[in-house]
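Q: Here's the letter readout for the chains.
2 protein chains.
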Amino acid sequence: MSKLTDVPKRILIGRALRSDRLGETLLPKRIALPVFASDPLSSVAYAPGEVLLVLSIAGVSAYHFSPWIAVAVVVLMFTVVASYRQNVHAYPSGGGDYEVANTNLGPKAGLTVASALLVDYVLTVAVSISSGIENLGSAIPFVVEHKVFCAIAVILLLTLMNLRGVKESGTLFAIPTYVFVAGVFTMIAWGAFRALVLDDTMRAPTAEYVIKPEHQGLAGFALLFLLLRAFSSGCAALTGVEAISNGVPAFRKPKSRNAATTLALMGLLAVTMFCGIIGLAMATKVHMAENPAADLFRDGVPVGPDYVQHPVISQVAEAVFGEGSILFIVLAAATALVLFLAANTAYNGFPLLGSILAQDRYLPRQLHTRGDRLAFSNGIVLLAGAAMLLVWIYGADSTRLIQLYIVGVFVSFTLSQIGMVRHWNRHLSTERDPAKRRHMVRSRAINAFGAFFTGLVLVVVLVTKFSHGAWVALLGMCIFYATMTAIRKHYDRVAEEIAAPEGPPGDDIVRPSRVHSVVLISKIHRPTLRALAYAKLLRSDTLEALSVNVDPAETKALREEWERRGIDVPLKVLDSPYREITRPVIEYVKSLRNESPRDAVSVIIPEYVVGHWYEHLLHNQSALRLKGRLLFTPGVMVTSVPYQLQSSEAAKRRARRQQEWNAPGSVRRGPAQERAKESSQST
Amino acid sequence: MSKLTDVPKRILIGRALRSDRLGETLLPKRIALPVFASDPLSSVAYAPGEVLLVLSIAGVSAYHFSPWIAVAVVVLMFTVVASYRQNVHAYPSGGGDYEVANTNLGPKAGLTVASALLVDYVLTVAVSISSGIENLGSAIPFVVEHKVFCAIAVILLLTLMNLRGVKESGTLFAIPTYVFVAGVFTMIAWGAFRALVLDDTMRAPTAEYVIKPEHQGLAGFALLFLLLRAFSSGCAALTGVEAISNGVPAFRKPKSRNAATTLALMGLLAVTMFCGIIGLAMATKVHMAENPAADLFRDGVPVGPDYVQHPVISQVAEAVFGEGSILFIVLAAATALVLFLAANTAYNGFPLLGSILAQDRYLPRQLHTRGDRLAFSNGIVLLAGAAMLLVWIYGADSTRLIQLYIVGVFVSFTLSQIGMVRHWNRHLSTERDPAKRRHMVRSRAINAFGAFFTGLVLVVVLVTKFSHGAWVALLGMCIFYATMTAIRKHYDRVAEEIAAPEGPPGDDIVRPSRVHSVVLISKIHRPTLRALAYAKLLRSDTLEALSVNVDPAETKALREEWERRGIDVPLKVLDSPYREITRPVIEYVKSLRNESPRDAVSVIIPEYVVGHWYEHLLHNQSALRLKGRLLFTPGVMVTSVPYQLQSSEAAKRRARRQQEWNAPGSVRRGPAQERAKESSQST
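Chains A and B, in that order, are what the protein sequence lines are. full-length UniProt numbering numbers the first residue of the first sequence as 1 and each following residue consecutively. full-length UniProt numbering numbers the first residue of the second sequence as 1 and each following residue consecutively.
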């Protein structure tokens, strides 16, 4: 339907659109790994410590269960990685947990997963930042002394960076992540070498401390419960594994295979680091307690409330590398940085999920618009606000915050895996090729086991952590769920209300027969003259200029100038004894409509365009209010004829800058050309 | 120029406009007195005390100067009243100090007066509320123990009442004011009767206290300075006298004479009460000190910081009526109430002055609109915020706040009186009738004396109070002055920029020759069909529907439905690989303009109208942003075609309620019919 002459224009516009986004390229595996793995890898900074903490409740003797718990975490990690490798193959377009659950299990499951993920993003920020601050604090005491302040400052910094739209670069992620991984492996290797070859005795700073068990000689069910709780805490190491499944389009070809390989590599790195740290913690005799102030004793005396319990990774590093050594400090810094990067991933994931939810009308439609700064900002501010609240309430204590974590992760793991089983069932019902069927049956088995195992862990987490804080996470999920359901209902109701009836166009819509145009005039100046010129172009059935008499002298001057200039549009003046503008105009428009109800009224308002918000306060306020009220009057259309003042140039430049802004997180979503491919069929 | 058929409609609309303001009637003197006099009369509740406080610095012996100071205040009061009687006669339309100074002395003097008055309104609230709380506190100890809290609570209450638009009724003012006046006169009469006829000894609660003078045996210049300071404080009794000059139109006919009579009556009441209270304070041996904690001794011991110094009026009432007697309590309550009413007058005066200043473009134009709730609200919130800040900083201590007061009052008194002298000079230069000339010469003499005396007092106030707090008031005035000058400059610059050139219309304005209409479409539903129907009515040169492809499936469905329905407008689809809406549309509009720069583009946007702000968040956001950006594009007009959803009914009802709202303070401005009379000449 479009004119032929549009083609060159389209090409031009298309080019103009794309030229400023040249930075986008596909990710090689060596960059993809740090981009996607900073979140799961960073969790080894706190997960091993959490296991020890919980075990300490039954006394230091319970520490000998930690290898078994590590084994359970490793098995779980392999299961989850294997399961998600199936997701990645099945949804090469990037099927996140929400989409998998939504497509295969229906909208309610999808919405549950979405709520869980939203809560989890908030907790990722809160936990990662708190843990990062604790790790930084092991090298810089000031930081840990002002924990809450520093944590909130870092959140604010991340928020501002993301609001300004700092471009996420793969390299930015790569350096700290690789330094961190290399540091931990060096530590494990050097520790093993010292212990096994040199036969050194490495002593953690807390090696001589004594733990007073809260429950002496736990056995039977109570011990099992404690071990399950320790395992639940260790599961924190699994958070963030699912991120790759969203990001398949960002990989180089063959996309799915590369993503699956990266996933496997990440799992391998994570479990090695996790086990290595647990092993070194045992070897260097790290002592950690859930309530160190009361339960940790030094020389027979409780350490008291001023004692700062350093993270297990920093205690081990101190034992292996030596206190205050350069390697110790580098590792502490890299750990903190990786944790902050992990928090940053939530800043990307939150708006992305919001955009997908908006597409399904669970959130305001506008959030669907990609690269929309405002939509993005709202998400960022919401995320940061919630995270800061949690950090403040929980005193930036990662141990207490982790109690809330993991619930959401395992809700989405479980539902996603159940969804995958359904996915394979559906495909198996139509697939006839035996080789493909075999493959699918295998995949289904993996996903089924994944669903079973993660479901089991979810139950364990819920049972062992509910009263410790998991209820807060569940409450958050319920709030998100209810809000999104309400929004969807609203959209559905409106859609029903505005649905166009079938049949020839406008069958039941009263078709206006004529249109009266009214140009609002306050004075004669360029903006009004322009508005009059434009109004004439529109060739409506009647055209008149309308002025409200709030000041008799001004009105008189207006009339005189009108005649002197010989403006060929009749001028009508409305009296306004109360110096109001809105009411007389509305009443007049209504009276026009009453006279001929089938006609439409077009109100044309000259408007100033200024460059600064404070200038805006000085102009257009009456016009704005009038427009707002006119919109409630049926049968009216409201036209603004803008007049750009010189100062508007500033705002124009600002708007242009904003347009060139890149939404953070685009690197992990792959280049737009790829995603746009499907769209290019139309026109 | 308007059609003949409009006349009956005009009458109808006129009637509709007026019918809901029937409450407005002209004020008889007995109601006008309390309405306008609550402010000046209430100041006798604190002014006598302030005189005694300052005198106490030189020891209790200096109290015997107080009758002389009272005499000076009385002379000043008569001067000011006599001067303003001239104003009232000269400006029967209600010439406030700002208008008198502006008209006769030029805009800078006018703006100075306006700044002084704005500061004064803030201080009226702060001083009156603080003093009211202290008076209430003499009967209810709780109030004075939580002075700041109570004062801020009362300010908040007044603010909410005024924001909601509680209608100011004459009766509401009349009752407490008359009770207060009657109470004070009863007290004076009964006190005089007891002292002179019964020969009772009445003792104030502080009669036995001893004041330690801060400066023993002051003499010469130092004593004169102290007496002048005491006089300055006593001048607080004159605040609010000028209010009547704004309100002449609210009086019954003969307006000017009635206003002048009321003014005289008010002056008489004020000075009688002022002198009576000073006299009784001397007779009952009230002892007050500026720093009671250190300078006031009971039984040879300083009273200490916990001592609450009650206002002179309540101490006298206790002495005359007896502690805790019913009359004492009634008088305390009436005093507090009158002081709160006095504060309320500032809530009316502030927005009224703002509206006049807006007319002269010193404040945003929109404030000019009378009965405009938003404009009014902004003024109210600004006033309340500033007053609360002062109350909080000065601990709701009326004595400390009064140091800031009075400067503004006397700035406006002096400039207004100088302006009146100029006014008579101008009239004398043309007037030939000897009787009228005589009258004018007499008036000029009165105003000249008024200008001289008030100017002298202004100098005295500035000299004696500058370091005590008057500088704060001056600073406030400078801030107001600078802001208003800047706003005026901005308006002037814009007016110059947009001024229409002389000559035949549109000589230099590029006259667009054709108009391209573009209707934005997202889906086919009633709002879009309506927008299309309206767009067709406008008969522009070309018309096309425009859709942005953010989702290929939706776009395909749109195309199919478009063809199935046979809509006879070409549909154009813009690609948007980044799922943006704004940018492709802007680029397209720009390309249309580039193709034919002399043409105008009309962009028509279907818009939903909803009833609640949260619904608004769910709709129109993309349209809103697009409209904002389009306004910066030259040669474009933007048309909204509203579609009222069912929920919009709620908003419509709300808007109607708001429209029926009456701006507080209308009672003192007279009925609108009167003011509208001048306006009715036009049309």
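Treat the hints loosely; a few may be bogus.
Partner residues aside, some chain B positions facing chain A, computed with beta carbon under 7 Å [claimed, not checked]:
1. Phe221
2. Leu224
3. Ile498
4. Leu537
5. Leu538
6. His612
7. His616
8. Leu624
9. Ser640
Here are a few chain A residues that sit away from chain B, every Cβ distance over 10 Å (derived from the structure) [said to hold, decoys possible]:
10. Leu198
11. Phe221
12. Ala222
13. His427
14. Ala499
15. Pro527
16. Tyr534
17. Tyr643
18. Leu645
Below, a list of computed lysine to aspartate or glutamate pairs in the EDC-like style, where the Cα atoms sit at most 16 Å apart [what the hints assert, rightly or not]:
19. Lys489(A) / Asp541(B)
20. Lys147(B) / Asp397(B)
21. Lys523(B) / Glu502(A)
22. Lys523(B) / Glu544(A)
23. Lys536(A) / Asp541(B)
24. Lys523(A) / Asp397(B)
These are computed hints drawn from the structure, not numbers from a lab. C-beta: ideal position from N, C-alpha, C; glycine also.
Q: State for each hint whether it applies.
A: Structure-based check of each hint:
1. Using the Cβ-Cβ criterion of 7 Å, the hint placing Phe221(B) at the interface with chain A is not satisfied: the shortest such distance is roughly 50 Å.
2. With its C-beta approaching chain A no nearer than about 49 Å, Leu224(B) sits outside the 7 Å limit, and its interface hint is violated.
3. Interface restraint check: Ile498(B) against chain A, minimum CB-CB distance 4 Å, threshold 7 Å, status holds.
4. Interface restraint check for Leu537(B): the shortest CB-CB distance to chain A comes to about 4 Å, inside 7 Å, so the restraint holds.
5. A hinted interface residue such as Leu538(B) counts as satisfied when its beta carbon comes closer than 7 Å to some beta carbon of chain A; here the least separation is about 5 Å, so the hint holds.
6. With its C-beta approaching chain A no nearer than about 10 Å, His612(B) sits outside the 7 Å limit, and its interface hint is violated.
7. Among the interface hints, the one on His616(B) is violated; its C-beta lies about 10 Å from the nearest C-beta in chain A, farther than the 7 Å criterion.
8. A least Cβ separation of about 9 Å between Leu624(B) and chain A goes past the 7 Å threshold, and the interface hint is therefore violated.
9. Taking 7 Å as the C-beta contact cut-off toward chain A, the hint placing Ser640(B) at the interface holds, the least distance being around 5 Å.
10. For Leu198(A), the condition that its CB be more than 10 Å from all CB atoms of chain B holds, with the nearest at approximately 58 Å.
11. Even its closest Cβ contact with chain B, about 49 Å, leaves Phe221(A) beyond 10 Å, as expected for a residue assigned away from the interface.
12. Listed as a non-interface residue, Ala222(A) keeps its Cβ farther than 10 Å from every Cβ of chain B; the least gap is roughly 49 Å.
13. In this structure His427(A) is separated from chain B by more than 10 Å, as the shortest Cβ-Cβ distance comes to about 22 Å.
14. Its closest Cβ contact with chain B, about 6 Å, brings Ala499(A) to no more than 10 Å, contrary to its assignment away from the interface.
15. Here Pro527(A) does not stay apart from chain B, with its beta-carbon only about 6 Å from theirs, under the 10 Å limit.
16. Against the 10 Å criterion, Tyr534(A) falls within the reach of chain B, whose nearest CB is about 5 Å from its own CB.
17. With a closest Cβ-Cβ approach of about 7 Å to chain B, Tyr643(A) is found to fall inside the 10 Å limit, against its non-interface label.
18. Some Cβ of chain B comes within 10 Å of the Cβ of Leu645(A); the nearest lies about 6 Å off, and the non-interface call is violated.
19. In summary, the hint linking Lys489(A) to Asp541(B) is not supported, as the alpha carbons are separated by about 41 Å, beyond the 16 Å threshold.
20. Our distance criterion of 16 Å between C-alpha atoms is met by Lys147(B) and Asp397(B), whose separation comes to about 8 Å.
21. Only pairs whose Cα atoms come within 16 Å are accepted, and Lys523(B) paired with Glu502(A) is accepted, the gap being roughly 14 Å.
22. A C-alpha spacing of about 34 Å is found between Lys523(B) and Glu544(A), which places the hinted pair above 16 Å, so the restraint is violated.
23. With a C-alpha separation of about 12 Å, the suggested pair Lys536(A) and Asp541(B) falls inside the 16 Å cut-off, and the hint holds.
24. The straight-line distance between the Cα atoms of Lys523(A) and Asp397(B) is roughly 50 Å, outside the 16 Å bound, and the hint therefore fails.
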